[in-house]
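There are 2 protein chains.
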Amino acid sequence: MEYLSNIQLYFSEDLNLITDETEVHHIQKVMRHNIDDIIYVTDGKGTILKSKLTRIGKREIIIEKIEKYQYENVLKHISLCIPLLKNPDRFTFAIEKTIELGFTNFIIYQPKITTKKEFKKERIEKLGIAAMKQSLRSFLPKFEFIKELNQLDCLNINFFDQNGGENFLGANILTGNDYTFVFGGESGFSSEEYRFLKNYKSYKLTPNRLRSETAIIAASTLIAMNQQLINV
Amino acid sequence: MEYLSNIQLYFSEDLNLITDETEVHHIQKVMRHNIDDIIYVTDGKGTILKSKLTRIGKREIIIEKIEKYQYENVLKHISLCIPLLKNPDRFTFAIEKTIELGFTNFIIYQPKITTKKEFKKERIEKLGIAAMKQSLRSFLPKFEFIKELNQLDCLNINFFDQNGGENFLGANILTGNDYTFVFGGESGFSSEEYRFLKNYKSYKLTPNRLRSETAIIAASTLIAMNQQLINV
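Quick note, the sequences are listed as chains A and B, same order. Numbered according to the working numbering, the first sequence spans residues 52 to 283. Numbered according to the working numbering, the second sequence spans residues 52 to 283.
Chain A extracted, bound-state conformation (with noise of 0.2 Å):
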């Protein structure tokens, strides 16, 4: 598999035809690219094409394949079940770095302790989005949106925990199984969701404190970085 750097990835669902408003304004306008002007393109189902600009409309662009490179989705069996927090930088860098990171499987719930916010859904989606194209990956994240953490239905549910069990080092991971992984809030968990996760396998990440989006980062780049090696 060859990996791509310095390029500015675009991203389209149709790998002829680009519609998307603001990647055709970020074509036309910002990188004010012309005909027979390489660009590269994803779908968000593991492939970039190196591609021509063959025609720029107003509307569309439509280009023509180069060279296609196709990848694996590595991560695909592992999902992440991450809590809204209170402080959107924090979970923006979460879900960057962990996008970064090759994950694209993501359960968003509301934490009982902290404020109710409401799901700025398509905000996330956009973030998604920018975080798949920034690292240059290719495949588009997908969310998932739960209420209560008690609504989680998913099989082999692990959680991270100060006090929890075995030391995390995402080793013991195995391909082929599907996983989901459940972080904390800033105020970690209610009794109520201790009670929902209690029959689960439990995981501590380091003795001391950690913010919510540091565990997730680091269990996050634990997990990654044994997958990858498994799949080398």
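Don't read these hints as lab results, they were simulated from the structure.
Remember, identical chains collapse to one label, so a pair may be satisfied in a single copy or spanning two.
Derived pair list, reagent style DMTMM-like, types lysine to aspartate or glutamate, alpha-carbon separation capped at 20 Å:
| id | residue 1 | residue 2 |
| --- | --- | --- |
| 1 | 103 | 87 |
| 2 | 255 | 53 |
| 3 | 127 | 64 |
| 4 | 184 | 237 |
| 5 | 171 | 237 |
| 6 | 101 | 74 |
Quick caveat: nothing in here was measured; it's all calculated off a predicted structure.
Guided by the hints, dock chain B onto chain A, whose structure is given.
Same frame as chain A, now just chain B:
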């Protein structure tokens, strides 16, 4: 070693007398503590004192030891050499996260490629204290500032590069030896920086592009988790 959680930690080099203006203000005006209240104070040298407030003056607070917690600096032999990033939020995040993970030695350099920015030394040191307190760490982070990467004068220099050599998993670090890990800026290393680095060992984190701060946090996670395991 007992690790604390859900406490507010203060910093005072003198563990009998708190004179730092911000800390005195916080204890008195923000937390509104009274005589005989219990607070936790670290000296930044590995000790956290559970202590009783015995006197609250306008400029100083006298405390009395109740219990002493002593920690070991597990990562004292490791230095992180981090570039000043163009985006101050991303720089702040990198510093905050690595301190949470237990790092205490930082060398900050000005990367060649980006426009020259002055170091805001005081701001960076304050950030270090805040991150230490927030993550209930007890070692004051030390910062060294160098104008150019080739001024780096350390034993055992290693650097991270997308096109680097060995895959990095953090397991190949020996205790008892000193290590310095160098990270590139937003645009990678300049050719001059590469000339300096070419004599040293390079590592690769992931095959795809990672932002500077992501590489810093991911590598730090791998180092910290492995060193922690050795020291359990």
